[in-house]
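Asker: Start from chain L and add chain B according to the hints.
Residue strings, one per chain:
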Amino acid sequence: MHVGNAPGRQAEDAACKLLRSLGYAIVARNWSFRGGELDIVARDGDTLVFVEVKARSGSGFGGPEAAVSRAKQRRLAAAASAFMARTDADLPARFDVVALEGDPVRIHRAAFSLDDVWPTD
Amino acid sequence: MFGRLTSGAILGVQAQRIDIECDVSGGLPCFQIVGLPDKEVSESRERIRSALRNAGYSFPAGRITANLAPADVRKHGVAFDLPIALAILIASGQIPAPQAPLLVVGELALDGAVRPVAGVLPLTLQAAADGMAGAVVPIDNLAEAALVPNATVFPVASLADAAALFRGERPMSPAPAPARSSGPASVPPARDLAEVRGQYAAKRALEIAAAGGHNLLK
Numbered sequence: 084m085h086v087g088n089a090p091g092r093q094a095e096d097a098a099c100k101l102l103r104s105l106g107y108a109i110v111a112r113n114w115s116f117r118g119g120e121l122d123i124v125a126r127d128g129d130t131l132v133f134v135e136v137k138a139r140s141g142s143g144f145g146g147p148e149a150a151v152s153r154a155k156q157r158r159l160a161a162a163a164s165a166f167m168a169r170t171d172a173d174l175p176a177r178f179d180v181v182a183l184e185g186d187p188v189r190i191h192r193a194a195f196s197l198d199d200v201w202p203t204d
Numbered sequence: 086m087f088g089r090l091t092s093g094a095i096l097g098v099q100a101q102r103i104d105i106e107c108d109v110s111g112g113l114p115c116f117q118i119v120g121l122p123d124k125e126v127s128e129s130r131e132r133i134r135s136a137l138r139n140a141g142y143s144f145p146a147g148r149i150t151a152n153l154a155p156a157d158v159r160k161h162g163v164a165f166d167l168p169i170a171l172a173i174l175i176a177s178g179q180i181p182a183p184q185a186p187l188l189v190v191g192e193l194a195l196d197g198a199v200r201p202v203a204g205v206l207p208l209t210l211q212a213a214a215d216g217m218a219g220a221v222v223p224i225d226n227l228a229e230a231a232l233v234p235n236a237t238v239f240p241v242a243s244l245a246d247a248a249a250l251f252r253g254e255r256p257m258s259p260a261p262a263p264a265r266s267s268g269p270a271s272v273p274p275a276r277d278l279a280e281v282r283g284q285y286a287a288k289r290a291l292e293i294a295a296a297g298g299h300n301l302l303k
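The listed protein sequences correspond, in order, to chains L and B. The opening position of the first sequence corresponds to residue 84 in the working numbering, with each subsequent residue numbered one higher. The opening position of the second sequence corresponds to residue 86 in the working numbering, with each subsequent residue numbered one higher.
If we strip away everything but chain L, and leave its shape as in the complex, we get (with noise of 0.2 Å):
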């Protein structure tokens, strides 16, 4: 979701709201690197939250939940490490799915871990 596509900017705001009112801090937004984009980075307590955001209108595909892929999960994952990387923290991290589709907001915390991503056996 690159800037300037407003219904991705209208859900992302959505999402803040969200995590805000859930007592999250919002980091940061849209950051990006090397053509991974981290959605919303923000803390939840003493953790570190990669937030993806979904949106979707219908679900005749599955839901929005269903478009957060392996190989996103993989974008994710490399974008979350260079964060990390750059901003020195050594907080807990986890990456969380916020699902818009209609009410109500759908929030999947820990959605996916590094070893879901890269298994090892």
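Rather than coming from a laboratory, the hints here were simulated on the basis of the structure. It is possible that part of the hints are untrue.
[To be verified] Pairwise CB distance ranges (calculated): (1) B:H161 to L:G106: 57 to 63 Å; (2) L:P187 to B:E128: 14 to 20 Å; (3) L:S115 to B:P201: 30 to 36 Å.
[As the list claims (entries may be wrong)] Mimicking EDC-like on lysine to aspartate or glutamate, the simulated pairs with C-alpha atoms at most 20 Å apart in a straight line are: (4) B:K124 to L:E120; (5) L:K155 to L:E120; (6) B:K124 to L:D198.
[Said to hold, decoys possible] Some, not all, of what chain L presents toward chain B, calculated at C-beta under 8 Å: (7) Q156; (8) L174; (9) L197; (10) D198.
Beta carbons are placed, not taken as given, at the ideal position from N, Cα and C, and that holds for glycine.
Answerer: For chain B alone, coordinates are given in the frame of chain L:
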């Protein structure tokens, strides 16, 4: 943050003490089990993740490494589910470390229930021989563990049950040994293998299978 617990594995008919170390640190979320785990031990990650959440604990964010020592012994089976889950809870400060050394074994269901495992008898014997304060075993294995004289046994039905024990919410007193059923005496006497003439290889195979509790018909 670090947590340590003791568990055990069966090698042949012998119990081997396995130390479980768990480290929870910052970084991207990743849960790894190292120390020569087999496939079924690696798969325990998914059971542990679900069991922790469904039992009302949080699965810590960040990097989690569980090490099964000694690292040169291949680990298989599902008995490490419960001790690894408890070591994660200790390492993330959700429960205190046990005050006395305990041996812990048990398989976890996704809802946090503890399922029975194989080899509880030799493991409990080993724990008693090592002078450990007690053995935390699945409740369905209690009868087996209670066969060990002078062993202190803590039967648990769920992860929450075991956590309560560590938090001292449950008295650290052992479960009373269940009344022994008449056991083998009630089984009608079987035909003796010694009555079979010849067939040395087949008889040896039967004896080895019986000693190890393996299936023959599969």
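Asker: What are the numbers of the hints the structure violates, in ascending order?
Answerer: 1, 2, 3, 4 and 7
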